[in-house]
Every structure is written in C-alpha cells, then in structure tokens.
Amino acid sequence: MLSFISFSSQHTDSTYHRSTRHHPDVEDLMDVDDDDFSGSEPKLTCPGETITSSQAFMRGHGTYVDKEDVIASVVGTVERVNKLVTVRAIRTRYNPEVGDLVVGRITEVQPRRWKVDANSRQDAILMLSSVNLPGGVQRRKLESDELQMRNFFEEGDLLVAEVQAFFSDGAMSLHTRSLKYGKLRNGQLVTVPPILVRRLKSHFISLPCGVDLILGLNGYIWVSKQAKDNDQGEEGFDAEAVYSNQNDDIDNATRAAISRVGNIIRVFADHFVPLTDTLLLEAYEWVIEQEGDAKYLLLGDTGDALVAAMSIRG
Amino acid sequence: MESIVLPGEQVPAQHVNLKLGPGLLQLSSETQQQAKSAPVIATRSGVLNHSVNKSKWWVEGNSRRYVPAPQESVIGVITGRSGEGWRVDIGSAHPASLDGLAFEGATKRNKPSLKVGSLLYARVSLAHKDMEPELECFDAQTHKADGFGELKDGFVLQCSLQMSRLLLDPKHFLLPLLGSRFALEAAVGMNGKVWVSSKETKHTIAIARCIEAVDPDGGGMDETHVKKFLSKLDI
Amino acid sequence: MRPPSPSIPEKKFLYDALKQSLRLDGRDMLDLRTPTFTFGPELGWVECAMGKTRVIAQLDAKMVKPLPERPFEGIITIHSEISPMASPDYEPGRPSEEEVTLTRMLDKVLRRSDAIDKESLCILAGQRVWQLRLTVHVLADAGNILDCSCLAGIVAFKHFRKPDVEVIGDEVTVVRIEMILLPKLTFFEQHSPSERAPISLAIHHTPFCVTFAFFPDVLTRPVVDPSLLEQRLSAGLVSIAMNAQREICVLHKAGGVPTAPEEVLRLINIASILVKDLDKRVEARLLEDWEGRKVEVR
Amino acid sequence: MSSRVELINAGLLRSDGRRPYELRTISINFGAQGTADGSVTYSHGLTQVRVSVQGPHEAKPGTRRETFHDRATLNVEVQLAPFGVGERRRRGRGDKRLLELAATIKSTFEPVVQTHLYPRSTIDIFIHVLQLDGGLLPACINASTLALATAGIPLFDFVCAISGGVHGTQPLLDLTTVEENDVPSVVVGVMPRTGRATLVQMETRLHMDRFEDVFRVACDAGKVLWSEMRDALRERTGDLVDKLEAGPGMVAVKETEET
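Protein chains in written order, with numbering that gives the first Met the number 0: chain A, 0 to 313; chain B, 0 to 234; chain C, 0 to 297; chain D, 0 to 258.
Derived from the structure by calculation, the hints contain no laboratory data. Incorrect hints may have been included.
Some chain D residues judged to face chain A by a derived CB distance under 10 angstroms, without partners named [unchecked claim]:
{"hint": "1", "residue": "L6"}
{"hint": "2", "residue": "A58"}
{"hint": "3", "residue": "T62"}
{"hint": "4", "residue": "T193"}
We treat Cβ as the ideally placed atom computed from N, Cα and C, and that holds for glycine.
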C-alpha cells in the first residue's frame with residue numbers, strides 16, 4: 000500500500016470538506032440542478048474538473064468538451080446562462096468586447112496603422128482611418144498623413160479609445176473618433192487586474208479634488224489633472240491640443256491629489272477590490288481625514304485600514 | 000545518339016533557328032553576324048538531347064532543384080496569404096505568388112477558399128530570374144480551369160525532376176501499368192512533385208512506392224522488376 | 000525559416016493510412032528500417048544508414064592528462080552536429096532545438112549510461128589516460144536521426160580498437176600505433192615479438208535507442224522509427240534506450256499526447272524485443288567486418 | 000559517486016527520516032511578483048522555485064517570425080540562482096542542461112495549454128530556481144502549472160510531476176540531491192483527470208521490471224500532489240472571489256446599481 004505520511008488525513012478524499020467539485024475518479028459525480036448555479040455561493044472550479052454533462056449543456060468560455068463531459072479549463076467561478084456554461088477566470092488578460100473603453104499604449108507605428116498594447120493577448124490595432132485628424136472631424140485622410148503618423152501618435156504614447164471591431168485572427172481594432180478619446184496627458188497610469196474594472200455608466204470620472212479618472216476596461220487607469228470644463232464643440236476641435244505632447248502646468252496640490260488617487264487605486268488592486276466612482280470618492284475623503292502623505296497609503300497598515308474602513312462603511 | 004556533357008563542354012548545336020533549352024548557353028559574341036554561329040556550351044552535366052530537325056537542344060540532368068520556367072505545370076503548397084493572393088511553395092529558390100483572381104470563375108467578391116496547407120495544381124505564368132515566379136490556375140485566354148486548381152485528398156510525393164519528366168512522357172510504362180491494376184488519378188508537376196489518388200489507401204501507397212522505386216535517382220527499377228515488386232505488394 | 004508544414008492532403012492521407020495500420024513505406028507499425036553499416040578503413044569509423052537517413056560516427060583516441068577530480072578515469076567527449084547538409088530545414092550557426100536534443104540524448108545514451116568502462120581507459124593513474132572523442136555527423140535527415148545517431152555512435156565504440164601501451168616506470172610506450180588494421184590486409188611486413196594487436200574497448204553493455212511516434216488521433220497506435228513525414232505530423236515522440244539485458248538506460252518522453260501508464264510499459268516491452276534484434280544484427284555485422292580484416296601475425 | 004551515506008536503513012527509513020513513499024512538504028505561495036499575469040513560489044522540501052507567467056501577449060518584434068498563425072507559442076526560460084546549488088557557479092544562458100530543461104518544460108506544456116485559443120500570441124514562463132535539493136524538473140513543472148492557472152490561461156488539465164527512484168529493489172519517491180546522485184531516478188508527469196502521463200524521463204540504467212514498479216508508484220503519487228495543488232489553487236481563488244464579491248467594492252457596486 001502507499002503511504003504518504005506528510006499528507007495527513009485531511010487530504011484524503013473522505014474528508015475533503017472544502018471541495019465542491021470532485022474528480023471523476025471520486026465516486027459522487029455532482030449533479031447539476033438549476034439552483035446549483037443560482038446559489039449565492041460562487042462555485043469554484045479548477046482546470047481538468049468535470050462541471051457537467053455536454054449533452055444537457057453548451058460549453059462556453061473557459062471550458063472544453065471531452066467525450067460527454069464539459070470540463071473546466073481555467074480556475075474560476077462557474078456561471079450559467081440558460082444552457083450555456085462558462086467558467087470565468089479571476090485573473091486573466093483583458094478580453095475585449097465591441098464598445099469597450101480602453102486605455103492603451105502605442106508600441107509600434109506601421110503603415111497606415113498603429114499597434115497598441117491594451118493588456119490583451121495581442122496588440123490592438125488603431126487604423127489611421129479610425130482617428131480624428133487635425134483640421135476638422137470630417138477631413139479626409141491624405142497621403143501626407145501617412146507620412147507623418149508619428150506626429151499624431153508615436154511609440155510610448157498613451158491614448159484612450161473604444162473597441163470598434165475584431166479582425167479575423169481575433170485582434171481588436173480601436174477607434175478614437177470622438178472628442179472624448181485621444182492622446183492622454185497630465186497624469187499617470189495605474190494598472191489593475193481587468194476584472195476589477197466593472198462596466199459603469201461612465202468610465203470618465205471627475206473627482207471633486209481636481210482629478211479626472213479614466214477607467215479603461217482593460218485594467219489600465221488614467222489618473223490626471225482635471226480638464227478645463229469649457230464645452231468644446233465640433234468646431235473647437237484643436238489639433239494642437241489633441242496631439243500635443245506637452246503637459247499643462249500642474250500645481251502641487253493637484254499633483255498630490257493625483258498621486259493620492261493613484262495610490263488608493265493601487266491599494267484597492269492589492270486587496271482585489273472592484274473600483275467604482277463612489278468608492279473612490281469615499282476613499283479619497285477617508286484619506287484626507289487621515290491627514291497622511293500620499294506615500295503612507297502604500298505602507299501595509301494604512302492600506303489595510305483604508306480597505307477596512309470602506310468595508311465597515313458598506 | 001546519347002551523349003553526356005559536362006559543364007563547359009562545347010556542344011555541336013548549329014541551326015538557323017536555334018532554340019536552346021535548360022542547361023545550354025550560347026556564348027556572346029561581338030557582332031550580330033557572328034551571333035548565329037557563336038559556340039554553345041553546356042552549363043549543367045547530363046544527357047544532351049535535341050529535336051529531330053536539330054533546332055531545339057537541351058540537357059537532361061538529374062538535378063532535384065526546380066527552376067521555374069513559364070508554362071510548366073507544377074504542384075505547390077500554400078504557405079500564406081499576401082495581399083490579394085497567396086504565397087505558394089513550389090520547391091523553387093523563392094516562393095511563388097498566386098493571384099486570387101487567377102482561377103476559373105473568380106471575381107473580386109468570389110474567390111476560391113484556400114487555406115494555408117492546401118495543395119494546388121497550377122501553371123507557371125511568369126518566371127524571370129529577377130522576380131518571384133507567378134502562378135495561375137486557369138488558361139489565361141479561355142479562363143477555363145483546364146484541370147488546374149486545388150487538389151483534394153490523395154497524396155503528394157517528391158521525386159527527382161527527371162522522374163516527373165518521365166511520368167509526363169505518355170510512352171512511359173509506369174502509369175499505364177499501374178492504371179491497369181486499379182483506377183487512379185495523378186497530377187505530375189514539373190517541379191518533382193506528383194499527386195496521386197485512388198479509392199483505397201493501400202493502392203495510393205503502392206503507387207507512391209512504385210514511383211519511388213522507378214525513380215532513376217532512387218531505385219531505378221525497370222518494367223519487369225516493377226511488375227515483380229507490384230505482385231509482392233498486398234493489393 | 001521554419002520549414003513549411005506538410006500540406007493538408009498529406010496530413011489527411013497519412014492519418015488515414017495509419018488508422019488502417021498502413022505506413023507509406025510499406026513497413027508494419029512496429030518495424031524498424033533495417034540499418035546498414037559501412038565501415039571505413041580506420042577502426043571506429045562507421046556510416047549508419049536507416050532508409051535515407053544517414054549518419055557518420057567516427058571515434059579516435061589520444062592520450063591526455065586526466066581530470067584532477069577523476070584521476071583513474073578516461074575521458075569521453077561526444078560532438079554532434081546537424082548542419083544544413085542533413086536537410087535544408089536546419090539553419091547554419093545557432094544550434095537548433097533538434098541539435099540540443101540530439102547532443103543531450105547522445106550524451107545520455109552513450110556516456111552517462113556507463114556503457115564504456117572509463118577506468119579501463121586509464122594508463123597511468125593521474126598521469127595519462129585515453130581520451131575518446133566521438134564525432135557524430137548527420138549526413139541526411141529522412142526522419143529519426145536520433146536512433147540512427149545513437150546506433151552509429153555505439154557501433155563506432157564497438158568497432159574501435161585502441162592501441163596497446165606499455166608502461167615501464169613513468170614511461171608510456173604506445174605499441175605500434177600505426178598498426179591500424181586495413182581491410183583485406185593479410186600480412187604485416189614489419190613485426191616484432193613485442194607487437195600486439197590493438198585491443199577493443201571494455202564495454203559494459205550496449206544501449207540502443209528506439210523512438211516511437213504518437214499521433215493526435217487516440218485510436219492510432221504509435222509507430223516505431225518514424226519517417227520524416229511521420230515525425231513532422233506526429234504529436235509527440237518517446238525515445239527509449241535499452242540494452243539487450245532488458246535494462247532501460249534512457250527514457251525520454253516530454254509532452255506529446257498524454258499516454259496511459261500501461262501504454263508506456265507496452266512500448267518498453269516492444270523496445271526490448273527490437274533492441275535484442277538490433278544487438279544481434281550489430282554483433283553479426285561487426286564480426287563480419289572483423290573477419291574481413293583478419294590479420295595474420297606470424 | 001559511491002556514497003558513504005546510508006540511503007535507506009534497516010527500518011526502511013531514508014537518510015532524511017522519510018519512509019520510501021513519503022513526500023516532502025510542499026508549500027505554495029501565490030504572492031504577486033511585479034507585473035506578471037500569474038506567479039507562484041513553490042517549494043518542495045528544500046527545493047524552491049519561483050515561476051512567473053506573462054501572457055498571452057503580442058510576440059516581441061524580434062521573435063514575431065516564430066509565431067504560429069493558428070496557436071500561441073510557449074517560451075520557457077530557466078535560471079538557476081548561483082547560490083541555490085551546492086557548488087556556487089554561474090550558469091550562462093547557453094548552459095546545455097538548462098536549455099534542455101527549458102525545452103522539456105516547453106514540450107510538456109505545449110499539449111496541455113490550450114494554445115489554439117491564442118493565435119500569434121506568446122506565453123512566457125520564467126522560472127527561477129532559488130534552492131535546489133533534488134526534484135528540479137518536477138518542481139518546475141508543478142510550479143508552472145500553478146502559475147499558468149493563476150494567469151487565467153486555459154489548460155486541459157493540471158500536470159503533476161514527481162521524481163522517483165529505486166534503491167536495490169525498493170522504489171522511493173521524491174528524491175533529494177543525495178539520493179539522486181546515487182540511485183536511478185525517474186521523473187513522471189501525470190494529468191490527473193485521465194491518469195495519463197505526459198512526461199516520463201529517466202537517465203540512468205534500470206531494469207525494466209524495476210522501472211515498472213517505480214513508474215506505477217509515481218503515477219499514483221502524481222494524483223496525491225494534484226489534490227495538494229488543487230487545494231492551494233482553490234483556496235487562493237476562493238479568497239479572491241470573496242474579496243471581489245463581499246469586499247467594500249461590491250457594496251459600492253450594489254449601491255450604484257440601486258440608484
């Protein structure tokens with residue numbers, strides 16, 4: 000007989016209290032009831048575990064079919080919509096959907112297109128025809144534009160854009176054909192796991208402390224100085240400003256506020272807390288009450304206290 | 000009469016309307032008058048051949064590297080897309096290109112669905128030493144497929160260029176011999192690729208093995224031996 | 000450039016044929032291509048061919064100072080090279096992944112399996128030992144260069160004869176190093192009573208490598224000694240080096256289709272049978288060659 | 000080579016006090032490392048490796064030629080800390096042994112990772128060996144499995160690897176360096192769902208009957224490891240899910256939904 004001494008009895012199958020799904024070798028194959036999915040307790044699964052039968056259910060993302068079983072391929076929570084079973088991975092790269100708002104960084108300038116790192120499995124593509132060119136929104140693309148693409152975006156530039164479509168190989172195509180989108184200035188980038196950014200009514204958040212936030216659904220968050228609130232119309236499209244590489248003057252108070260917000264987001268990301276505008280606002284108020292410097296947030300204790308305070312408040 | 004020539008050897012090719020095939024080169028001369036009678040030398044080793052009226056001369060070698068020549072039919076594998084067409088590996092030094100419209104009935108909207116790895120029977124439409132070879136899958140005049148196009152199923156095997164020339168010779172014994180045993184389809188590319196297909200897998204394997212056995216660059220079997228060889232195979 | 004992968008019809012045809020247990024060269028699933036050996040004029044020079052795959056192995060010996068940490072052991076070094084000569088798929092320069100695998104496998108099969116008695120290569124402890132240098136050169140790759148290289152390597156070891164030496168005090172005298180036997184040499188013109196025939200290496204056991212190729216379809220049984228097309232389209236290789244005493248020397252299966260433990264054991268069993276045949280064939284061929292070189296010392 | 004250490008005594012105890020089939024303690028730490036998509040520090044006895052997984056991501060410009068149009072490429076790099084092994088020595092990037100180790104890990108995971116989902120992408124697996132006391136390959140493989148899973152990369156199954164050996168006729172499991180130097184060792188990687196082996200490796204002479212013994216034991220041990228690895232992964236994921244669902248963020252999300 001085998002004996003694995005260092006594994007005391009708690010690891011044998013009979014007392015496997017924590018597991019909700021079993022290996023097919025293990026006797027009791029779980030049965031799938033409707034309420035098995037709708038229960039409040041999220042169902043965890045691991046790669047290689049059988050979720051359900053492939054005859055009654057359809058496989059979605061994060062699963063595959065082998066013979067008659069739907070089997071998980073990622074670690075995460077099992078979700079079900081009607082007959083479709085998916086497993087949502089907790090930590091993963093960004094999975095784009097059309098219409099998503101993303102923040103990205105230019106990695107390469109290619110003929111008539113830019114490549115943009117957007118925390119996805121392939122670099123996104125921004126076609127020259129998908130950006131607003133200086134000299135009016137309706138202006139047609141000229142050959143000279145192709146030659147001076149680096150005047151608009153060059154390697155390393157940050158931008159906010161929307162997912163427009165997908166190419167046949169799955170790469171996403173972006174567009175910045177709106178005044179809300181374009182090059183980013185006057186702030187800093189904070190990255191968080193994409194799952195922490197939920198779909199909100201608006202991903203452009205203005206905090207009263209003079210800080211603007213852009214929550215990219217790909218987990219890239221832009222924290223910047225508040226833009227001047229003069230409503231620019233179509234005519235006010237200012238090429239100089241849109242593709243400028245110069246930061247505006249930022250006073251020290253705003254700089255402190257930006258780093259404070261940035262650090263709050265980092266703390267939340269460390270504690271795996273989904274971000275919302277109200278939460279960020281309240282967290283900011285709490286931080287101001289503590290009268291600490293922005294940097295103390297990143298020390299373990301203050302961060303823990305912040306998350307704890309936010310939990311109690313809820 | 001067969002004669003073997005080596006590179007550099009002078010060839011007694013003389014004709015008012017001289018046409019030189021692969022492996023031969025007419026040395027350049029100063030004046031137009033002399034051009035007609037300038038000496039011809041071999042650039043490859045092989046057997047010297049000429050047409051009955053001695054106007055066409057060529058050298059038949061046993062090389063394996065395919066050098067594309069216009070109007071030759073070849074078999075190639077699609078290796079990738081490029082713009083409106085495909086890149087095709089035909090065993091030449093450079094990949095050939097095939098326009099998406101060079102098919103029977105192809106339009107801008109309606110192109111044949113070819114994948115990377117698809118096998119094609121095509122004709123070399125352009126072969127120039129400074130350019131990538133180009134292929135077409137139809138007759139440029141009639142726009143008919145003419146037997147060209149994608150080859151589905153079956154098996155493709157590699158043989159020497161000489162073997163593929165032999166197979167294209169209607170007088171050669173092998174294909175009729177095999178055809179008398181079982182039904183088969185074959186497409187022979189001048190680039191040393193032969194596509195064969197038959198109903199039964201084992202028949203296709205037998206064909207492939209026979210071609211390999213007969214290949215002068217391999218087994219070099221003659222007709223009686225092939226018959227013996229075939230009778231030993233389980234078909 | 001990566002070689003273009005086989006076309007779709009080739010792929011389909013091969014898989015279909017294998018499903019019917021047919022191989023393109025007419026072999027059975029568990030048949031090896033019969034290896035043929037050509038020995039060179041020198042001892043320890045062998046060309047091994049399996050089908051169109053051809054490998055040359057050459058072994059020579061020279062006297063060196065032993066490594067300080069191993070004063071009683073001879074040194075064995077193995078060089079192997081796959082140049083673009085073997086197949087246009089290999090690039091010159093940077094060692095390819097295949098080359099790394101081949102080098103490591105040769106090292107494991109021939110050197111680390113302790114096939115050669117290293118202590119018998121010692122001439123004078125701490126002073127002089129034999130260094131055996133094996134060079135394996137792949138001439139043509141038509142599939143399964145690994146088995147062919149291992150075979151060529153081990154046959155080279157068995158074919159080799161090292162010169163006899165005489166040790167008087169600290170003086171080492173090589174006894175007639177030029178007496179490398181030539182084929183069909185029947186008579187030595189010069190000889191003296193002190194001349195002795197060169198001696199063969201002390202070989203503990205003779206490992207042979209057998210490679211199996213698996214295919215993506217679960218129902219297709221693995222084939223032994225894959226051809227180039229089979230190797231390209233396979234979904235994993237398992238190499239087993241064994242000797243005729245049914246001892247496994249190296250077993251290498253990294254990735255490829257997951258295999259049931261029973262299947263692995265079955266393959267080992269098959270390998271043990273194949274290796275026995277190989278061993279017999281090699282011994283017979285070596286004997287034949289040796290007979291042909293018979294020297295008559297009067 | 001010959002050891003003066005008694006590898007296994009009359010009471011069937013090994014030099015470090017273990018029974019023949021006893022495994023060393025495993026500890027798994029999912030602490031984040033830098034910007035990696037998935038990372039884990041895995042220690043098995045005194046062997047400790049740290050694995051970071053990056054990707055799937057766009058191939059770096061220099062390596063774009065090596066990508067496939069229909070699947071992702073795996074890139075494995077192994078580094079051995081000079082202080083982690085008995086003899087302090089720097090190993091360059093060209094070290095044949097490390098290259099082979101990386102190649103083995105790469106080919107082990109190629110059929111396990113669902114690479115066909117990510118055409119033209121690259122998945123990087125960076126392995127740092129911090130401490131080495133036998134069972135390097137199994138540790139790298141187990142840690143890579145866990146790191147790939149935490150990076151949310153779809154896998155067909157876990158790969159659980161373990162080393163085994165034979166002393167006389169007694170099969171042993173989970174060898175230390177001392178044991179590895181003296182007895183024939185086998186490394187087996189199993190996929191627990193089907194019980195099939197993706198990796199079988201042996202480099203020393205062993206009779207096939209002895210091999211069969213240790214091979215079977217190792218296959219079973221792989222399944223035990225699996226339960227350990229799965230537990231750790233579940234615990235970590237459960238933890239994150241709890242934070243996600245019950246943390247302050249969720250309350251805020253609910254609030255916004257209500258308003």
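Hints, one by one, checked against the model:
Interface hint status for L6 (chain D): violated, as the beta-carbon distance to the closest one in chain A is roughly 18 angstroms, over 10 angstroms. At its closest, the beta carbon of A58 (chain D) sits 9 angstroms from a beta carbon of chain A; the interface hint therefore holds under the 10 angstroms criterion. A least Cβ separation of about 14 angstroms between T62 (chain D) and chain A goes past the 10 angstroms threshold, and the interface hint is therefore violated. Checking T193 (chain D) against chain A: minimum C-beta separation of about 8 angstroms stays under 10 angstroms; hint holds.
Comparing the model with each earlier hint shows violations of hints 1 and 3; every other hint is respected.
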